[in-house]
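Construct the complete structure from the given sequences, taking the supplied hints into account.
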Amino acid sequence: MSVTPEEIVDGRRIVVCVGSGGVGKTTISASLALGGARRGRRVLVLTIDPAKRLADALGVRSLGNQPRAIPRKVLDRLGVPADGKLSAMMLDMKRTFDDLVERFAEDAEVRNRILENPIYQHASDALAGSAEYSAMEKVFELSERRDFDLIVLDTPPSQHALDFLEAPQRLLEFLDSRLVQLLLHPAFAAGRFGFRLFQRSAHQVLRALERVSGVSFLEDISEFLLAFEGMSEGFRERARQVQALLFGPESAFILAAGPADESVAHATAFLDRLEKSRAVVAGIVLNRLRMWPAAEVKLPHRRQREVAIASLAEALEGGGEMRGSAPRAAEAALSMLDGYASMVQQDRAATAPLRERARRNGYFWRPVPELPRDVHDFDGLARIAGFVFETIREEEAVGG
Amino acid sequence: MSGVTRGGIALAESTRSLLDPRLVIVTGKGGTGKTTVAAALALAAAARGRRVVVVETGREEHVPRLLAPDSEPVGYGGREIRPGLTAMRVDPYEALAEYLGLQLRVPALVSRMMRNKGFRQFMDASPGWRELITLGKVWHLGQQQTDDGEPRYDMLLVDAPATGHGLTFLDVPRVVVSALRAGPLRRHAGWVEEMLRDPTETLLVPVAMAEELPARETVELVEHVREGMGVPVDRVVINAVLERPFPEDCPDLDERLARIPEEPPLEELPPAAVIASCAAHLRSRYELNQRYVEEIARTSGLPALTLPFLPGGIRGPDDLGVLADILAGPASGDAA
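So the sequences go chain by chain: A and B. The opening position of the first sequence corresponds to residue 0 in numbering that gives the first Met the number 0, with each subsequent residue numbered one higher. The opening position of the second sequence corresponds to residue 0 in numbering that gives the first Met the number 0, with each subsequent residue numbered one higher.
The hints are simulated quantities; they were obtained by calculation from the structure and are not laboratory data. Because the structure is a prediction, the values reported are computed rather than measured. Hints may contain errors.
[As the list claims (entries may be wrong)] Stretch-level coverage of chain A by chain B, calculated; a stretch enters the list once three of its residues show a Cβ under 8 Å from a Cβ in chain B:
#: 1; stretch: 259-269
#: 2; stretch: 279-293
#: 3; stretch: 334-343
[Claimed, not checked] Partial list, derived from the structure: chain B residues whose beta carbon lies under 7 Å from chain A:
#: 4; residue: 30
#: 5; residue: 102
#: 6; residue: 115
#: 7; residue: 120
#: 8; residue: 249
#: 9; residue: 252
#: 10; residue: 255
#: 11; residue: 259
#: 12; residue: 266
#: 13; residue: 280
[To be verified] Simulated crosslink set (DMTMM-like; lysine to aspartate or glutamate; CA at most 20 Å straight-line):
#: 14; chain 1: A; residue 1: 297; chain 2: B; residue 2: 261
#: 15; chain 1: A; residue 1: 297; chain 2: B; residue 2: 267
#: 16; chain 1: A; residue 1: 297; chain 2: B; residue 2: 266
#: 17; chain 1: A; residue 1: 93; chain 2: B; residue 2: 219
#: 18; chain 1: A; residue 1: 93; chain 2: A; residue 2: 115
#: 19; chain 1: B; residue 1: 116; chain 2: A; residue 2: 172
#: 20; chain 1: B; residue 1: 116; chain 2: A; residue 2: 175
#: 21; chain 1: A; residue 1: 275; chain 2: A; residue 2: 355
#: 22; chain 1: A; residue 1: 93; chain 2: B; residue 2: 170
#: 23; chain 1: B; residue 1: 116; chain 2: A; residue 2: 209
#: 24; chain 1: A; residue 1: 297; chain 2: B; residue 2: 262
Think of the CB as a built atom: it goes at the ideal place given N, C-alpha and C, for glycine as much as any other residue.
Shown next as structure tokens:
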């Protein structure tokens, strides 16, 4: 028996929505949040890179880095009860990281030294893990504030599976690494016998790096790292708490995927990694699946095709068509149906392995049909939420 | 200035063929089909007698699978997988080892560095060098010569990493040049930057899809590239553009189907309302797709070259051939 999306939004404090770029992760995240609000919870959806019109609809474009409450009258229209709340926020990663520096820097001088360091300015958003780290940091900070019962995190589009989740760990390993320590404390390392042998190869590596990069580069780097060092204890403790929260019993992961071959391959890789980690995987939302607008659609067998075309042509004429053009339109309709059938078949075949995996591992499986238009308003989100929380049945999918 | 080209009709006369530049960098949001476009271009170039190398930058190899389905992995050393067509996957650490070997000239030291755990941790977390070293390798491939002193490759094709936040891949050389004061690394980054900005040798080809997010990202990319970086870009490729769902003489087929009365039921067919709803859906998706095609061309200010959506997917060289012909276009001169 698999869990349901209802149980997840009712029982968890953090829902992490993962998946590769382009599958509509932001839309899925926002609709999960809406689903939670409809069930009477106070929910925040934290997005990273929303499509412009969806961002406008959520109202997160203009207000930087702070949650924005969706107005009550919109919530009423969406069927959110009085005790339910929905807020949205777009993460400004650079600013979150700057805030972090402000918080953990020992004093104003250290803070300014970091913020003004050329390497920091060029690299703080590129330093592996810093963007991901800030996203997690923000989740943690918001979860501490207890303004929300549930936070849905729309993860940044990362090219490779779970870079996002492993990034903070890598950042810490980097700060701890011998090479960095040596850049920071060359005198300390050189002055101790035990360390010397231990560090000799690192010294050689540094000297080699210096020959290639020039001395000044390493000086700038070590200045940057030195400034960071003072705050690294606070940093480290924080990273531990963030990890404990995300991989603990209060969080669950939901995978968003699309039906294209490439997307299914990415989704499979994501699951491989998630299952190896301590993450709790709750379910898969398969977005933009092409499906029939009715439960059971049977197309005519080749032998009955002529009969079908004649019948459709007659019906078209009955609907007020001019004589003569109806058989041609009926032919066109039949080949349109063939094309539709092959799309449906293709998506079903492509997603079958994911569906089987969901069944085997007890994940919920929620197909969301491709809609005639892109989703960029609340009514669209409500529709998606209807599929995720199964208040809309599949056969009502298309044509609305 | 902007315009949409369908099916490979020639772009403005001033526009080069995609096969003319020595270095073509294919870029775009993940999932738009960058790799497909790079592979199709390589196929077109090789078919016209060019010696071409196509460089992949991701963790997996896709080009060999598309162009020579039974071939073994090509790896960092690269291999000629079709006549005149070499495929290669540049792993940053292998490129780094090669670069350090060339700079330090002490193989033992380089292998010690590469094995050093601290060095690996340091490099794992350090930003920017992967992009720089990959582009450096491309630069180096461009310098290589055969024994007769001829350039080894007539054309270098790079399947760039997916554009994410910012444009780090192409931005890095410039950042390095501005952040370093002196030294060999700065000089080498300068060479790479010069290569990227060369208007006669280099062309950046953004690949988009006619959907909201890829459309927006492509337009942002074009703006950034033209204003900030000076990397030559003169058109946008829009991939997987949907074909018209009904013949041109039945443009309103969905509406006609919707007017069919419920009774009597159709023979051997689902209810008319279901057929009408399928038709309306396809028409709506098609029209939306067309709107984004127009929007990309209009807001980027660049001509757009569209590639058709292939319903069966792209499984091998035959499917790629269709796209290759469109990409190469009649403007390539020797295509006849």
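Verification of the supplied hints:
1. 259-269: Result for this restraint: holds, n = 4.
2. 279-293: holds (count 3)
3. 334-343: That given contact holds, which follows from 6 residues of the stretch 334-343 of chain A lying within Cβ reach (below 8 Å) of chain B.
4. 30: holds, 4 Å
5. 102: At about 5 Å, which falls below the 7 Å cut-off, the nearest Cβ of chain A leaves the hint on residue 102/B intact, so it holds.
6. 115: Holds - the Cβ of residue 115/B comes within 7 Å of chain A, reaching about 5 Å at its closest.
7. 120: holds, 4 Å
8. 249: With a closest approach of 5 Å, the residue 249/B hint holds.
9. 252: holds, 6 Å
10. 255: holds, 6 Å
11. 259: holds, 5 Å
12. 266: holds, 4 Å
13. 280: Nearest chain A Cβ about 5 Å off; hint holds.
14. 297/A to 261/B: holds, 17 Å
15. 297/A to 267/B: holds, 8 Å
16. 297/A to 266/B: holds, 11 Å
17. 93/A to 219/B: Holds, because 19 Å separates the two Cα atoms, which is no more than 20 Å.
18. 93/A to 115/A: holds, 14 Å
19. 116/B to 172/A: holds, 11 Å
20. 116/B to 175/A: holds, 12 Å
21. 275/A to 355/A: This hinted pair holds, its Cα atoms lying about 18 Å apart.
22. 93/A to 170/B: Distance of about 18 Å is within 20 Å: holds.
23. 116/B to 209/A: holds, 18 Å
24. 297/A to 262/B: holds, 18 Å
Hint compliance for this structure: no hint is broken.
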